[in-house]
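S.K.: Residue numbering for the sequence shown follows my numbering, beginning at 1 and increasing consecutively.
It is worth saying that the hints were derived from the structure and are not from the lab. Check the hints yourself; a few may be wrong.
[Claimed, not checked] Here are the computed lysine to aspartate or glutamate pairs in the EDC-like style, where the Cα-Cα straight-line distance is at most 20 angstroms: (1) K222 <-> E250; (2) K228 <-> E193; (3) K222 <-> E255; (4) K222 <-> D170; (5) K225 <-> D246.
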Amino acid sequence: MSANTTRQQRHPDSDTRATTRELSLAEEEALDVIDPLRHLYSADDSDLLPAQPVSLRDQIIQINIEAPPLRPEESHQTIILSLAVDASPGCGGIAWPAGEALANYIARRGYTLQGLNILELGSGTGLVGLVAGYFGARVCVTDQAALIPIMERNILLNRLQSNVTATELDWAKPLPELQPPDIILAADCVYFEPAFPLLVSALSALVSPPAHAPEVLFCYKKRRKADKRFFSLLKRSFTWSLVDDDPTLERYSREAITLLRLFRRPRASGSASLDG
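Given these sequences and hints, build the entire structure.
M.R.: Rendered as structure tokens:
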């Protein structure tokens, strides 16, 4: 059934009813089961995706990341990464503000990351994972298949092949076999509403204490009211706290960017569900 056909078969009063009150989470989920594509019928399709920058195709940019000083007399050191960006595979092929915020936060940890296993979800260009790899972490950057080439290119551009690998991880598919991570990173993954439950499910499958209890750093930019629905889903399986030891917190907060640390809720006894 096409999207247009589905739209035509909707109840003529459905749009009117939707404007009179906000649907509950249970009602939203019930509608998702009936019509998984319903979020794509928005009259304003720009509401589904973050604001797009000027179209970028096959360009290389430089990203400056501040890190702790190597010597006491220095105030800081600046890491310069080369980043291939390309919007043709989708918006994931571009560097986004929340990714830069998380990359800067990770860089502050410096070489304390050395030897840790780090998994990045929704990596896009791989920026955050590249920074962790620069400091000696063993990093797996992941995203959908279309973005693997750009991630691999960026690994090569920055000569981080020994520390960083790119792997396909589609949240809608079974998880690939992965090294248990010490840290999970995710930046700018909250923008496409149909993927919200898939992201929560993937996070839940990766974090199952006490056997697997990695630190989870989750950075996002608030863009629209629908973001609340993601956190309504997330709170079933996770609690969270604001990361408040970042000296750039105030600056990023002015840009509606928030960095959180997620904690898995205890599972109910006998529960086998991935999302708690």
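S.K.: Each hint: holds or not?
M.R.: Each hint tested on the structure:
no., hint, result
1, K222 <-> E250, "holds, 15 angstroms"
2, K228 <-> E193, "holds, 10 angstroms"
3, K222 <-> E255, "holds, 9 angstroms"
4, K222 <-> D170, "violated, 23 angstroms"
5, K225 <-> D246, "violated, 26 angstroms"
Going down the numbered hints, you'll see the structure goes against 4, 5, while the others check out.
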